[in-house]
Amino acid sequence: MPKIEVKNISKVYKKEKVLDDVSFCVNAGEIFGIVGRNGSGKSVLMKIICGLAAPTSGHIVIDEKIIGKDIDFPENLGAIIEQPAFMQFASGFKNLKFLADINKKIDKAEIRSTMEMVGLNPDSKKWVMNYSLGMKQRLSIAQAIMENPELIILDEPMNGLDKEMVNWLRGYLKEESDKGHTIIISSHIQEDIDILCDHVIELDRGCIVNAG
Amino acid sequence: MLRYIVNRIFSGVFVLSAVLLFAFMTFSIGSLRYISDISGYEAYLLFMNSESGIIFYIFCIILAMQYPIVDKNDNLIVRLGWKKWMVYEIVSLISVIILYSIMTLAFSFLLVPDFSHKWSTDFLIAMSPIENKFTEHIASVQNMTGWVLYGTISGALMTTFICNTILAVFCGLVVFAFNTKRKAGYGVLIILFIKYIPEIIMQYVFLHGNSLTGKFFKYIDLFETAKISNMKMGCYGTYMQMHQTISWLLFCVSVLLIVILGRKKICQR
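Residue numbers (numbering that gives the first Met the number 0), protein chains in the order written: chain A, 0 to 211; chain B, 0 to 268.
Worth flagging that the hints you see were computed from the coordinates, not collected in a lab.
Take the hints with a grain of salt, since some may be wrong.
[Claimed, not checked] Under the rule of at most 20 Å between Cα atoms (straight-line distance), these lysine-lysine pairs were calculated in the PhoX-like manner:
{"no.": "1", "chain 1": "B", "residue 1": "117", "chain 2": "A", "residue 2": "103"}
{"no.": "2", "chain 1": "A", "residue 1": "125", "chain 2": "A", "residue 2": "135"}
{"no.": "3", "chain 1": "A", "residue 1": "68", "chain 2": "B", "residue 2": "117"}
{"no.": "4", "chain 1": "A", "residue 1": "107", "chain 2": "A", "residue 2": "96"}
{"no.": "5", "chain 1": "A", "residue 1": "2", "chain 2": "A", "residue 2": "68"}
{"no.": "6", "chain 1": "A", "residue 1": "162", "chain 2": "A", "residue 2": "178"}
{"no.": "7", "chain 1": "B", "residue 1": "83", "chain 2": "A", "residue 2": "96"}
{"no.": "8", "chain 1": "A", "residue 1": "124", "chain 2": "A", "residue 2": "96"}
{"no.": "9", "chain 1": "A", "residue 1": "2", "chain 2": "A", "residue 2": "93"}
{"no.": "10", "chain 1": "A", "residue 1": "93", "chain 2": "A", "residue 2": "103"}
{"no.": "11", "chain 1": "A", "residue 1": "104", "chain 2": "B", "residue 2": "83"}
{"no.": "12", "chain 1": "A", "residue 1": "103", "chain 2": "B", "residue 2": "82"}
{"no.": "13", "chain 1": "A", "residue 1": "125", "chain 2": "A", "residue 2": "93"}
{"no.": "14", "chain 1": "B", "residue 1": "82", "chain 2": "A", "residue 2": "14"}
{"no.": "15", "chain 1": "A", "residue 1": "124", "chain 2": "A", "residue 2": "135"}
{"no.": "16", "chain 1": "A", "residue 1": "162", "chain 2": "A", "residue 2": "2"}
{"no.": "17", "chain 1": "A", "residue 1": "124", "chain 2": "A", "residue 2": "93"}
{"no.": "18", "chain 1": "A", "residue 1": "135", "chain 2": "A", "residue 2": "96"}
With these hints in hand, go ahead and build the complete structure from the sequences.
What follows is the structure, given as structure tokens:
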């Protein structure tokens with residue numbers, strides 16, 4: 000199970016320091032929370048952990064492998080970073096099938112069960128273009144969790160979800176954590192963090208101002 | 000991959016570009032069916048080989064500026080890996096430009112629905128340097144005498160179509176290469192350089208005689224000669240044959256692809 004070490008990460012973007020010497024460690028099987036105001040650097044930090052952005056200095060080590068050097072992306076990763084782009088002229092099922100076919104880890108039945116789990120109808124022919132914000136978020140969650148990843152990185156996963164779905168997602172993340180899967184989550188809702196997280200850091204202007 | 004490409008091609012920008020192209024072509028060659036006896040073949044030749052043809056390149060550049068789309072594509076990138084995802088994007092870009100080129104051809108026949116497979120009288124008259132008949136609609140008609148004298152109308156059409164499509168793909172890949180490193184579409188500057196600067200420099204070279212005859216200018220001369228002679232005179236260009244031009248362009252495209260794909264994390268923000 001993945002253990003993540005974030006070592007002295009700094010990121011300068013257009014001469015502005017977005018992250019400044021951020022270091023922390025996430026143990027395997029832990030739910031780790033990142034909180035902070037808008038523009039505090041949460042999403043950039045998550046992108047760097049996912050290998051989707053390169054830090055200006057410092058590095059991310061996952062199971063003793065350096066991201067961007069030993070591996071491009073963490074192995075067995077499921078992530079939501081911002082609102083993912085889906086094929087607008089295809090159904091939710093076809094979108095997930097397209098993504099699942101890349102690694103061929105799961106079959107149609109598993110895609111269907113994941114969709115049902117997040118409250119989407121796998122038989123619906125409705126194009127994603129016509130999905131509501133909440134449905135798109137459910138689909139984003141489905142694509143992140145459908146391949147049973149060992150590392151789950153979720154940036155504001157509760158956005159646009161109704162109360163029932165929020166409760167389901169909290170329960171799901173707890174279960175995954177119990178299985179030993181590592182989860183990093185950012186949220187601006189304090190309740191999510193209080194209920195879910197084993198450890199939390201607070202970012203402000205790219206610096207860790209609080210850790211607990 | 001096909002599903003991804005289809006999804007990438009049919010964006011709002013593509014639809015808008017297609018509508019604007021049709022509008023511009025209507026303005027440019029739309030009236031030719033009423034005032035002349037030219038065919039759809041000739042309408043396409045006139046449009047693409049005159050200054051109006053630049054509109055095709057401008058829209059190809061606008062389309063190419065949409066590539067690669069990094070933001071919000073994270074779910075795909077982490078699964079495919081950078082390199083494979085780049086291949087998807089490049090294939091999408093090449094497909095969209097080829098489709099756009101086919102649309103330009105289709106619009107010509109739609110606006111001038113005449114399939115006569117012979118050079119029309121008005122087209123032959125337009126070859127005359129003193130004839131100004133089409134200049135109200137198309138900026139200039141020039142250098143197509145070689146086609147008329149030595150080529151068939153379908154041969155000229157295929158030459159124009161293939162050369163312009165390959166050149167547009169090349170321009171698109173230049174924009175793509177620049178956009179992977181910097182997001183603001185600096186590739187446009189390079190396209191303008193390719194399109195106009197050689198002409199300015201060549202004029203300067205001609206004016207200043209032998210004082211500027213280095214290797215760099217020789218290359219510009221080679222490119223410009225190929226572009227002008229073959230794009231506007233077909234396969235009977237004065238210095239380079241069409242297949243040589245295409246070979247050069249394919250070589251450049253290959254080098255660009257190697258550069259783009261060879262840089263593993265070029266897209267990382």
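Results of checking the hints against the structure:
Under the criterion of a C-alpha separation no larger than 20 Å, the hint pairing residue 117(B) with residue 103(A) is inconsistent with the structure, at around 55 Å. For the hint pairing residue 125(A) with residue 135(A), the CA-to-CA distance comes to about 12 Å; that is within 20 Å, so the pair holds. A C-alpha spacing of about 62 Å is found between residue 68(A) and residue 117(B), which places the hinted pair above 20 Å, so the restraint is violated. Restraint check for residue 107(A) and residue 96(A): the C-alpha separation of about 7 Å stays at or below 20 Å, so the hint holds.
Distance restraint check for residue 2(A) and residue 68(A): the Cα-Cα separation of roughly 17 Å lies within the 20 Å cut-off, and the hinted pair is therefore satisfied. Restraint check for residue 162(A) and residue 178(A): not satisfied, since their Cα atoms lie roughly 25 Å apart, outside the 20 Å limit. A distance of roughly 18 Å separates the Cα atoms of residue 83(B) and residue 96(A); the hinted pair therefore holds under the 20 Å criterion. Using a Cα cut-off of 20 Å, the hinted pair residue 124(A) and residue 96(A) holds, with the two alpha carbons roughly 14 Å apart.
A hinted pair counts as satisfied when its Cα atoms are at most 20 Å apart, and residue 2(A) with residue 93(A) does not qualify at roughly 33 Å. For the hint linking residue 93(A) to residue 103(A), the alpha-carbon distance of about 14 Å falls within 20 Å, and the restraint holds. Only pairs whose Cα atoms come within 20 Å are accepted, and residue 104(A) paired with residue 83(B) is accepted, the gap being roughly 18 Å. Distance check on the hinted pair: residue 103(A) and residue 82(B) sit about 19 Å apart at the alpha-carbon level, within 20 Å; holds.
A C-alpha spacing of about 10 Å is found between residue 125(A) and residue 93(A), which places the hinted pair at or below 20 Å, so the restraint holds. Annotation: proposed proximity of residue 82(B) to residue 14(A) is violated, straight-line Cα distance about 28 Å (limit 20 Å). A threshold of 20 Å between alpha carbons decides the hint, and for residue 124(A) with residue 135(A) the separation of about 14 Å falls inside it, so the pair holds. Among the hinted pairs, residue 162(A) with residue 2(A) is inconsistent with the structure: their alpha-carbon atoms are about 31 Å apart, more than 20 Å.
Straight-line distance between C-alpha atoms of residue 124(A) and residue 93(A) comes to about 9 Å, which keeps the hinted pair within the 20 Å bound. With a C-alpha separation of about 16 Å, the suggested pair residue 135(A) and residue 96(A) falls inside the 20 Å cut-off, and the hint holds.
The structure shown violates the earlier hints numbered 1, 3, 6, 9, 14 and 16.
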